[in-house]
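Novice: What follows is each chain in one-letter form.
There are 2 protein chains.
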Amino acid sequence: MRSTQEILRETKAAAPALALASPERKNALLLSIADSLMAHEASILAANARDIEAAREKLGPVMIDRLTLTPARIAAIAEGVREVAALPDPVGKELSRVTRPNGLVIRKVSVPLGVIAMIYESRPNVTSDAAALALKAGSAMVLRGGKEAFASNAAIVEAIHDGLQKAGFPPALVSLVEDRTRQSAMDLMTAAGFIDLLIPRGSAGLIRACVENAKVPCIQTGTGICHIYADASADIDQALAIIDNAKTSRPSVCNAMEVLLVHRDIAAALLPRLKERLVDARQARGLTPVEFRLDARAAQYIPGKLAGKNDFDTEFLDYILAVAVVDSLEEALAHIARHSTGHSEAILTRDETAAERFTRAVDSAAVYVNASTRFTDGGEFGLGCEMGISTQKLHARGPMGLEELTTYKYVVMGNGQVR
Amino acid sequence: MRSTQEILRETKAAAPALALASPERKNALLLSIADSLMAHEASILAANARDIEAAREKLGPVMIDRLTLTPARIAAIAEGVREVAALPDPVGKELSRVTRPNGLVIRKVSVPLGVIAMIYESRPNVTSDAAALALKAGSAMVLRGGKEAFASNAAIVEAIHDGLQKAGFPPALVSLVEDRTRQSAMDLMTAAGFIDLLIPRGSAGLIRACVENAKVPCIQTGTGICHIYADASADIDQALAIIDNAKTSRPSVCNAMEVLLVHRDIAAALLPRLKERLVDARQARGLTPVEFRLDARAAQYIPGKLAGKNDFDTEFLDYILAVAVVDSLEEALAHIARHSTGHSEAILTRDETAAERFTRAVDSAAVYVNASTRFTDGGEFGLGCEMGISTQKLHARGPMGLEELTTYKYVVMGNGQVR
Chain A
77 MRSTQEILRE TKAAAPALAL ASPERKNALL LSIADSLMAH EASILAANAR DIEAAREKLG
137 PVMIDRLTLT PARIAAIAEG VREVAALPDP VGKELSRVTR PNGLVIRKVS VPLGVIAMIY
197 ESRPNVTSDA AALALKAGSA MVLRGGKEAF ASNAAIVEAI HDGLQKAGFP PALVSLVEDR
257 TRQSAMDLMT AAGFIDLLIP RGSAGLIRAC VENAKVPCIQ TGTGICHIYA DASADIDQAL
317 AIIDNAKTSR PSVCNAMEVL LVHRDIAAAL LPRLKERLVD ARQARGLTPV EFRLDARAAQ
377 YIPGKLAGKN DFDTEFLDYI LAVAVVDSLE EALAHIARHS TGHSEAILTR DETAAERFTR
437 AVDSAAVYVN ASTRFTDGGE FGLGCEMGIS TQKLHARGPM GLEELTTYKY VVMGNGQVR
Chain B
77 MRSTQEILRE TKAAAPALAL ASPERKNALL LSIADSLMAH EASILAANAR DIEAAREKLG
137 PVMIDRLTLT PARIAAIAEG VREVAALPDP VGKELSRVTR PNGLVIRKVS VPLGVIAMIY
197 ESRPNVTSDA AALALKAGSA MVLRGGKEAF ASNAAIVEAI HDGLQKAGFP PALVSLVEDR
257 TRQSAMDLMT AAGFIDLLIP RGSAGLIRAC VENAKVPCIQ TGTGICHIYA DASADIDQAL
317 AIIDNAKTSR PSVCNAMEVL LVHRDIAAAL LPRLKERLVD ARQARGLTPV EFRLDARAAQ
377 YIPGKLAGKN DFDTEFLDYI LAVAVVDSLE EALAHIARHS TGHSEAILTR DETAAERFTR
437 AVDSAAVYVN ASTRFTDGGE FGLGCEMGIS TQKLHARGPM GLEELTTYKY VVMGNGQVR
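Going down the list, the sequences are from chains A and B. Under our numbering, the first sequence has 204 at position 128, and the numbering climbs by one with no breaks. Under our numbering, the second sequence has 423 at position 347, and the numbering climbs by one with no breaks.
Keep in mind that the hints are not guaranteed to be accurate.
The list cannot tell twin chains apart, which means a pair is met if one copy fits it or any two copies do.
Below, in silico cross-link-like pairs of lysine-lysine (DSS-like), each with a Cα-Cα straight-line distance of 30 Å or less [what the hints assert, rightly or not]:
#1 K223 x K88
#2 K88 x K385
#3 K291 x K381
#4 K351 x K88
#5 K385 x K291
#6 K184 x K351
Worth flagging that the hints you see were computed from the coordinates, not collected in a lab. These figures come from a predicted structure and were not determined experimentally.
In isolation and in its complexed conformation, chain A is listed as follows (with noise of 0.2 Å):
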């Protein structure tokens, strides 16, 4: 086993490589490894066969399903891998311009950040996904996927390695870790000087993780506590579908609603409704109805359990709800800077002046007027792919694509300026 200093610097001496390549010799190289992915197939079946073997036992269906690989799944990865090549090259883009009074031309430029590292959880297809994309955007790329995959991560970073080898470029620019301890996580965190940016994709434990102990530039990702608050001139049946759709259409993500805030002066019309929705229509039709958790003043509209202490900062990625009456817009928002996480927040209302009040004062990454806080994802905004959705307000927030992957420097002309 290589120690994960060892791979580190192996990958941040190959990235230099990769920065000055021309943004023609990226797209072939990412082509080499959609068609290296596509000829491996078979040894990425036979790892990912050794992990769901050794995971049968520990882990659900749900998890078995989401790393499981198949021909389908694989060849998907791979035109997943041509979707990036086919992205506009987010390097060497001319930000700005000056001419100053004393002749020096300053430009600012966009340039690939070096060595981009990932920790992340379960499903092999983001080995690829997240590869590729620190390639086009001109980085190295450290991965330190979660220990069910290993074998399958494994075949896919090999296969990485022989496009990377075909056309010309060093492998090393793709490494895995390879120490499946926790101590990895760790030396990837502290790695200072060796890391441009670590992108942690997992569980509320991992960011916290970071946040404690990344002494590497670090992006937190991902917890969201989603409020969506029904103002009192909401449209009802439009309300019941938004609402209706950001809890129910994907639970497990991260730009589900966890929270409805809803206004006293419909809370009679809304809620009945709702729970008629949200539990009784979907149990006849045999899914999984939803769970409250309501506030007292809820409860006295509809039936389901009291809210405990900490329902109203639980993500809970499930057919769970919390529900609060709330007196006011202010006190909607009140509520939600004190218990948001910074993620997505939506209103809903007909009313312009509640609209541009809720979208000034909420502090999140993206404030929704009339919508789904499902929208929240790199491929909804049009950014064409995604890395992640930042909860920090430096560098990234919200939905991180290609541009988000890069940093900028100053080039300077001159002919003999001094100061």
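Using the hints provided, position chain B relative to the given structure of chain A.
Specialist: Using the frame of chain A, we list chain B on its own:
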């Protein structure tokens, strides 16, 4: 004494009052602060006299001068605040806008960070400069100055409080940390959830302590081991003028050069004339001569101390210059990659291919062709101001102006869209 935690809670609670203020109200606030600084002249001078009295035995004359305030300096401080008011407002700018096929209108809008904190040393003018920039950018500011300037800083912050109150804003928008022990710096570094951006400005030791300990988003500033590479084709007269300026115009600042790399083909023509200019001519004019730290090859051309083990990794901030002779541009690039702190580097050349290779390959915040590294500065770059010079790659790189003190959010307008 109020605890640092208590101060942070109050500042965070005050921040939204400013974040939502109009550009006009923010500018009126800054003018009110400028007036108040003038009105408090007597109390600021009295406090400054106490600081100087206490520091007289501990600090040398240069540091005492940096610490000293006069009526003229206070007027300049107030004028600096007025100049910040006159800059364009960085908040509320539409950075991008797309209408998606489903009708969602997604706007990316610049917004305030929230709470900015700064840890800095000596010069009391930084106190009001930094506060003015933060307020203009819509953020509250927590200041932790050097203990030598504590009374001066406290008097300046009292004047700022007066200006805040007269303009109808809560004084807690600008806070001075009261605990003067090292613990308060650590308290700021670890105040996750209370500080959106921490800027350490000062010694390399302070920056290192932030990298080691910070649990809040942090931008490293200032350490500059700046290189100039004199290529084989450099114009010798121009090279001499640029090197002289970069080394001697103000050696104590981070954009001053520390290391000269000379192509072997011009070493014989350049180095003796450089020694004449930086040593003999300066001595003849009664100026401090530059001391050399020479590698073995440079020592064949000029007299001077041989470079020790660390001389190519030292930010001298003094009339000292490390000099090495290299065989090629590639050797210069390799040296810079190994020893640079990523601040500013320059190539002196008449060869466009060499200039292009250098500006692409050098991974620093500012890369110059035929100009002095001393231009890396917010004012010189046309930003109108500067909060420090970032040597990291995330969020801000090089001089940080008002734009770099903001973040953004996505505001999404829908009419019932679900996913």
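Novice: If a hint holds in the structure, say so; if it doesn't, say that too.
Specialist: Now the hints, each set against the structure:
When the C-alpha separation of K223 and K88 is checked against a cutoff of 30 Å, the pair qualifies only within one copy, where the shortest distance is 24 Å, while the shortest distance between copies is 40 Å. With identical chains, the CA atoms of K88 and K385 are at most 30 Å apart between copies only, with a shortest distance of 24 Å across copies and 47 Å within one. Taking the shortest Cα distances, K291 and K381 never come within 30 Å of each other, neither inside one copy (43 Å) nor across copies (37 Å). In this homomeric assembly, K351 and K88 never come within 30 Å of each other (Cα to Cα): the closest approach is 55 Å inside a single copy and 38 Å across copies.
For the homomeric pair K385 and K291, the shortest alpha-carbon distance between copies (27 Å) is at most 30 Å, but the shortest distance inside one copy (34 Å) is not. Neither within a single protomer nor between protomers do K184 and K351 lie at most 30 Å apart by alpha-carbon distance, with minima of 54 Å and 35 Å respectively.
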